[in-house]
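K.L.:
Each chain is listed here by its residues.
2 protein chains.
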Amino acid sequence: MSELDQGVLAGDPRAIARAATLVENRADGWQQLMRKLFPHTGRALVVGITGAPGSGKSTLVDQVIRHVREEGKSVGVIAVDPSSPFTGGAILGDRIRMAQHHEDKGVFIRSMATRGTLGGLAAAALDLVLLFDASGRDVVLVETVGVGQDEVDIARVAGVTAVVVVPGMGDDVQAIKAGILEIADVLVINKADHPGAEKLERELHAATATPILQTVATEGRGVAELLQALRDKYRADRSARHWEQRLIEMYRDRLAGRLDPGAVAAAAEQVAQRKRDPYSIIEEWLH
Amino acid sequence: MSELDQGVLAGDPRAIARAATLVENRADGWQQLMRKLFPHTGRALVVGITGAPGSGKSTLVDQVIRHVREEGKSVGVIAVDPSSPFTGGAILGDRIRMAQHHEDKGVFIRSMATRGTLGGLAAAALDLVLLFDASGRDVVLVETVGVGQDEVDIARVAGVTAVVVVPGMGDDVQAIKAGILEIADVLVINKADHPGAEKLERELHAATATPILQTVATEGRGVAELLQALRDKYRADRSARHWEQRLIEMYRDRLAGRLDPGAVAAAAEQVAQRKRDPYSIIEEWLH
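Quick mapping for you: the protein sequence lines, in order, are chains W and B. Its first residue numbered 1, the first sequence is counted upward by one per residue in the working numbering. Its first residue numbered 1001, the second sequence is counted upward by one per residue in the working numbering.
If you're looking for bench data, these hints aren't it; they were derived computationally from the structure. Be careful, since some hints might not be right.
In silico lysine to aspartate or glutamate, DMTMM-like type, Cα no more than 25 Å apart, as pairs [claimed, not checked]:
(1) LYS1073(B) - GLU1249(B)
(2) LYS1275(B) - ASP5(W)
(3) LYS36(W) - GLU1269(B)
(4) LYS199(W) - GLU1198(B)
(5) LYS233(W) - ASP277(W)
(6) LYS1275(B) - ASP1260(B)
(7) LYS1105(B) - GLU1071(B)
(8) LYS233(W) - GLU201(W)
(9) LYS275(W) - ASP1253(B)
(10) LYS1036(B) - ASP1260(B)
(11) LYS1036(B) - GLU201(W)
(12) LYS36(W) - GLU1284(B)
(13) LYS275(W) - GLU1203(B)
(14) LYS1199(B) - ASP5(W)
(15) LYS1105(B) - GLU1249(B)
Owing to the predicted nature of the structure, the values given are computational and were not obtained by experimental measurement.
All chains, full assembly: derive it from the sequences and hints.
P.N.:
Right under this line is the structure:
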């Protein structure tokens, strides 16, 4: 264990990978490890990037990685794909990227898939952010797909969040969601060379006061401006309020994780059949 | 207390109102009351109706009320407005409606506004649904505004959920959100006499397999069909799995409610300054 935390602090990719697995699986000793690492956190620029499938978000993330690397800085990427219980998509994307950045020790990529209802995806993502931060990564990118509570929770973890949208009729309906607009610190219209980009920008301007940027990720266009906008909007000191929320969530997750799934299922059955009421069951669980 | 539960079971509006206040405020005895009422629940048709401000959702809800009343059935309405911390909008809407249905004991309307982060809005909404159900309401409508985790949680409470959208360019971007599409059992294009209704229906058809209905709430057009669609899609027996999720949430909410906000704030401050780590704090709270 003490070897592992030393490895992480030294930035050793193997140690980071082993530590990430330990933490993600909530395996024995994960909390001790995180306790040791925590004092070394708070230095990384933590950026959330979210957008629907097909928005070119992954290509954009790759361009951001490239740009950060050109600045001589190191990157950690956490790719969260809550939609895929089998992590198929995320792992495939990983492999392709891993191949691209294979020789580069300055880039570390990790995928996360949906966890059970009792575990908290956002909680685990936060732990990985802290792990990467402690390992000395200058920039930590948290990439999420689609919309939902996971994205909102993960946005809270990041110091700044970019939401990627694309022009095109179908996307107006499918990809742009107010739930996601609300968490955006920066809005990115990717594939800005496609028809409808200007119309989309007008519509977004009407809908929100959030800064809007246009990018063409495949050509690297607008990526430098995006990084600048992210740095401008970065809230390094969201700290105390941020942690208030996080502590409550961590506490809730830990407690829910203590429930025995079998007992929950049995109780639910009784409640559904009106053989027992939920209120007395909760009371029982609390004592 | 025993008077109160008898009053609720007898359907007395004053008793229902008093009980709702007791439950919403988590005042002394609320759980005892709910325990007594719970065996009498499970009979109402619980319908979630959600949509952005301006979608005409409230007018549609009024038409549904009217229709249900014409069938000789009673209605309870729970209007949730998480966006307004001061309940201004919801209460105003209430008063207008209350005036409309004032003489009608078959209609009971109740507003809920955002609760603190430690309390659970969805948990309280579920309790009110059960309360109305126990009071003998044939139909319980849960009306929510906008999108977000609250809507998703409340949709889980309902046996069927309608999402109201409207045609018009701005609304494509603002009002229609995949997060909300995912919870829809029935999609309603209201203001279907406005330009763009057909285009919107085409776009929605491309985006989802959910049944789509057109309504003009101001004229009562399509309301009978909507009620029929809601009944067709009703899952009376989502029960056991539904309760599994609910029990976990109730447990989590109750536990988080036990935390002392002052202690949480103080701990958050220390964590933000890296004077302490969050993991040992959670451990402390657990013991």
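K.L.:
Taking 25 Å as the top limit, are the C-alpha atoms of LYS1199(B) and ASP5(W) close enough?
P.N.:
violated, 57 Å
K.L.:
Would the hint linking LYS1105(B) and GLU1249(B) be met if the CA-CA limit is 25 Å?
P.N.:
Violated - the C-alpha atoms of GLU1249(B) and LYS1105(B) are around 33 Å apart, more than 25 Å.
K.L.:
For LYS1036(B) and GLU201(W), compute the direct alpha-carbon distance and say whether it is at most 25 Å.
P.N.:
violated, 55 Å
K.L.:
Are LYS36(W) and GLU1269(B) close enough, with their CA atoms no more than 25 Å apart?
P.N.:
holds, 19 Å
K.L.:
Take a quick look at whether LYS275(W) and GLU1203(B) sit within 25 Å of each other, Cα to Cα.
P.N.:
violated, 46 Å
K.L.:
Hey, LYS199(W) versus GLU1198(B), does the alpha-carbon distance stay inside 25 Å?
P.N.:
holds, 20 Å
K.L.:
Holds or violated: LYS1105(B) and GLU1071(B), Cα atoms, limit 25 Å.
P.N.:
holds, 15 Å
K.L.:
For a C-alpha distance cap of 25 Å, please report whether LYS275(W) and ASP1253(B) respect it.
P.N.:
holds, 23 Å
K.L.:
Between LYS233(W) and GLU201(W), does the CA-CA distance stay at or below 25 Å?
P.N.:
holds, 20 Å
K.L.:
Take a quick look at whether LYS1073(B) and GLU1249(B) sit within 25 Å of each other, Cα to Cα.
P.N.:
Violated. LYS1073(B) to GLU1249(B) sits at ~32 Å, over the 25 Å cutoff.
K.L.:
Given the proposed pairing of LYS233(W) with ASP277(W), does the C-alpha separation stay at or below 25 Å?
P.N.:
violated, 49 Å
K.L.:
If you draw a straight line from the CA of LYS36(W) to the CA of GLU1284(B), is it 25 Å or shorter?
P.N.:
Distance of about 17 Å is within 25 Å: holds.
The structure is inconsistent with the numbered hints 1, 5, 10, 11, 13, 14, 15, although it conforms to all the rest.
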